[in-house]
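Working from the sequences, and respecting the hints, build out all of it.
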Amino acid sequence: MITVMLVDDQELIRIGLKAVLSHDPEIKVVADLDNGLDALRQARVWQPDVAVVDVDMPELSGVEVTVRLLTLPHPPQVIVLSVLTQPPWPQRLRAAGARGYVAKERASTDIREAIHTVHQGRTYFSPTLVDSLEAVGSGSSSDPLVVLSNRELEIFTLLVKGHPPEDLARLLHVSPKTIYAHRDRIRNKLGVRNDVEMTHLAIRYRLLKETTL
Amino acid sequence: MVHPWVTNVMRLGDVLNATQALAAAGDDPAVAEDMVKRFLTILATARADLNPAEVLRDTERFRTCVHRLCSGGLYLGFERIGTAARTLESHLTNHAPPEETAPALTALNEAIQAALEPGEAAVLAWLKSSANSLTH
Chain A
1 MITVMLVDDQ
11 ELIRIGLKAV
21 LSHDPEIKVV
31 ADLDNGLDAL
41 RQARVWQPDV
51 AVVDVDMPEL
61 SGVEVTVRLL
71 TLPHPPQVIV
81 LSVLTQPPWP
91 QRLRAAGARG
101 YVAKERASTD
111 IREAIHTVHQ
121 GRTYFSPTLV
131 DSLEAVGSGS
141 SSDPLVVLSN
151 RELEIFTLLV
161 KGHPPEDLAR
171 LLHVSPKTIY
181 AHRDRIRNKL
191 GVRNDVEMTH
201 LAIRYRLLKE
211 TTL
Chain B
1001 MVHPWVTNVM
1011 RLGDVLNATQ
1021 ALAAAGDDPA
1031 VAEDMVKRFL
1041 TILATARADL
1051 NPAEVLRDTE
1061 RFRTCVHRLC
1071 SGGLYLGFER
1081 IGTAARTLES
1091 HLTNHAPPEE
1101 TAPALTALNE
1111 AIQAALEPGE
1121 AAVLAWLKSS
1131 ANSLTH
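As they're listed, the protein sequences go chains A and B. Under our numbering, residue 213 is the last one in the first sequence; the count climbs by one each step, no gaps. Under our numbering, residue 1136 is the last one in the second sequence; the count climbs by one each step, no gaps.
Note that these hints are calculated values from the structure, not bench results. No experiment lies behind these values; they were computed from the predicted model shown. Check the hints yourself; a few may be wrong.
As the list claims (entries may be wrong) - Quick list of simulated restraints, FRET-style, between CB atoms:
id	chain 1	residue 1	chain 2	residue 2	range
1	B	1014	A	204	33 to 41 Å
2	B	1096	A	193	24 to 32 Å
3	A	188	B	1058	21 to 29 Å
4	A	164	B	1011	55 to 63 Å
5	A	28	B	1044	30 to 38 Å
6	A	71	B	1096	32 to 40 Å
7	B	1038	A	37	23 to 31 Å
8	B	1125	A	38	54 to 62 Å
9	A	74	B	1013	43 to 51 Å
Just so it is clear, CB atoms sit at the ideal spot from N, CA and C, and this is done for glycine as well.
So this is what it looks like as structure tokens:
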């Protein structure tokens, strides 16, 4: 049995996905949540095999939820579900550690196969996303954030949300010195000089909404 | 002369891809009906919010509303609404000038109007007849 957690702020879509997945005797939906914070809490409780996560949600973006789910002691395989099928989103989520990416308009036909595929340790991307992903393969992606590792993306996201490095160190169970080292490396990779420029980059590439500042 | 029934079916077919709606509900007509009803309610509310003044008043709230129409529309088979909302959302995200955003907003409002005009009963009847034809 594959246990699955659904995270989407639209109830309509959660209802539909549950109905679609109910036909598969090997899949059990153990939790469905409408926001990323609850998803992180419930993932600790249920320890699902697979998390299906929407990209664009209030409070925590799908990128942040993905990165943080993967730091849990029993991390699920993450499948992203989104209408955002053009670069930089598929590349960014793949860089963040997502094993699958399903276009929302194909969700009802693709989701079961996607869940089985990532549960077997392989990756799944909706066929309509192939061109978008090839853009990365050829090095033509315009998203500078894809150069960051999962850990760097996690720290970048938390820093631009205003968490002081000392708080981050406590949150991630590392020393402040480690956080400063990560921050310097992130700045070097992105070619920015300070937190303000990092924040501008985060807004420009939609990792951060202006209203969350 | 085209029979009015045919015209009506063509119009409803433009509003909702019933095959997609059923698939989105796990091929369960009752779930599909519930989902379509919910989306029509969302549309009725959104129509009041989708005007140029609202963009200026609260851009993020406006964008969230557009995103939900895009997301729900594409998933459920309200393809015209989903596509129009995706175009508008892209303009908003890229801070496009008003002369580009305005036609996209008009297109979305027209798509919403087209979906609401036949009335809930007609859309649900279309869904039901499509479900019957798929199962027989």
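Hints, one by one, checked against the model:
no.	hint	result
1	B:1014 / A:204: 33 to 41 Å	37 Å, holds
2	B:1096 / A:193: 24 to 32 Å	29 Å, holds
3	A:188 / B:1058: 21 to 29 Å	37 Å, violated
4	A:164 / B:1011: 55 to 63 Å	58 Å, holds
5	A:28 / B:1044: 30 to 38 Å	35 Å, holds
6	A:71 / B:1096: 32 to 40 Å	37 Å, holds
7	B:1038 / A:37: 23 to 31 Å	24 Å, holds
8	B:1125 / A:38: 54 to 62 Å	38 Å, violated
9	A:74 / B:1013: 43 to 51 Å	47 Å, holds
In summary, the numbered hints that this structure violates are 3 and 8.
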